[in-house]
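S.K.: Sequence:
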Amino acid sequence: MINKNKGFFDEVYRIVAMIPEGSVMTYGMIATILGNPRASRIVGYAMSCAPSVEHLPCHRVVNQKGQMAPGTIFGGEDHQRQLLMKEGVTFQSDGCIDMDKHLIKWGIQ
DNA sequence: ATGCTGACAGGAG
DNA sequence: ACTCCTGCCAGCA
1 MINKNKGFFD
11 EVYRIVAMIP
21 EGSVMTYGMI
31 ATILGNPRAS
41 RIVGYAMSCA
51 PSVEHLPCHR
61 VVNQKGQMAP
71 GTIFGGEDHQ
81 RQLLMKEGVT
91 FQSDGCIDMD
101 KHLIKWGIQ
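Numbering (the working numbering), first residue to last: 1 to 109.
Hints in this document: simulated from the structure, not taken from any laboratory. It is possible that part of the hints are untrue.
[To be verified] Here are the simulated lysine-lysine pairs, DSS-like style, with alpha carbons at most 27 Å apart:
hint: 1; residue 1: 105; residue 2: 65
hint: 2; residue 1: 86; residue 2: 105
hint: 3; residue 1: 86; residue 2: 65
hint: 4; residue 1: 86; residue 2: 101
hint: 5; residue 1: 65; residue 2: 101
[Said to hold, decoys possible] Cβ pair distances, simulated, as ranges:
hint: 6; residue 1: 35; residue 2: 72; range: 26 to 32 Å
hint: 7; residue 1: 91; residue 2: 38; range: 24 to 30 Å
hint: 8; residue 1: 37; residue 2: 76; range: 29 to 35 Å
hint: 9; residue 1: 93; residue 2: 10; range: 25 to 31 Å
Every residue, glycine too, gets a C-beta built ideally from N, C-alpha and C.
Please work from the sequences and hints to get the whole structure.
M.R.: Written out as structure tokens, the structure reads:
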């Protein structure tokens with residue numbers, strides 16, 4: 001029990017919390033898994049309410065473009081980028097995450 | 001109950 | 001190809 005029951009939020013936290021190191025997931029993908037592909041905004045909103053990064057690796061959650069949020073969250077997008085790199089995630093010249101290699105693979109759950 | 005906000009996604013120009 | 005606008009859902013005042 002890492003957080004209170006917030007309905008959709010709780011599900012979002014659960015998905016994000018199960019993301020392994022070296023892998024990333026997109027907001028739309030999480031929303032689709034929850035059953036609401038249109039609720040991609042809610043996923044990001046839930047991230048803004050993230051209690052602790054230790055229980056919620058929101059830095060592993062990126063948008064469909066493979067880019068992270070503006071940076072008002074962790075104290076700098078660059079900081080988040082470094083965290084991902086430290087976990088083994090590679091970035092492109094554009095600064096976007098290499099989705100083709102680090103996008104989480106769902107086959108076992 | 002209604003309206004506004006929000007770390008997105010997709011379509012159109 | 002890139003950028004801008006709209007649409008969607010959940011939470012809070």
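S.K.: So, for every hint listed, does it hold in this structure?
M.R.: Evaluated hints:
For the suggested pair residue 105 and residue 65, the alpha carbons sit about 18 Å apart, so the restraint of at most 27 Å is met. Proposed proximity of residue 86 and residue 105 is supported: the alpha carbons are some 20 Å apart, at most 27 Å. Using a Cα cut-off of 27 Å, the hinted pair residue 86 and residue 65 holds, with the two alpha carbons roughly 21 Å apart. Under the criterion of a C-alpha separation no larger than 27 Å, the hint pairing residue 86 with residue 101 is consistent with the structure, at around 15 Å.
Under the criterion of a C-alpha separation no larger than 27 Å, the hint pairing residue 65 with residue 101 is consistent with the structure, at around 14 Å. Residue 35 and residue 72 have their C-beta atoms about 29 Å apart, which keeps the hinted 26 to 32 Å range intact. Checked against the given bound of 24 to 30 Å, the beta carbons of residue 91 and residue 38, roughly 29 Å apart, stay inside it. Range check, residue 37 to residue 76: about 30 Å between beta-carbon atoms, so the 29 to 35 Å window is met.
The beta-carbon spacing between residue 93 and residue 10, approximately 38 Å, falls outside the hinted interval of 25 to 31 Å.
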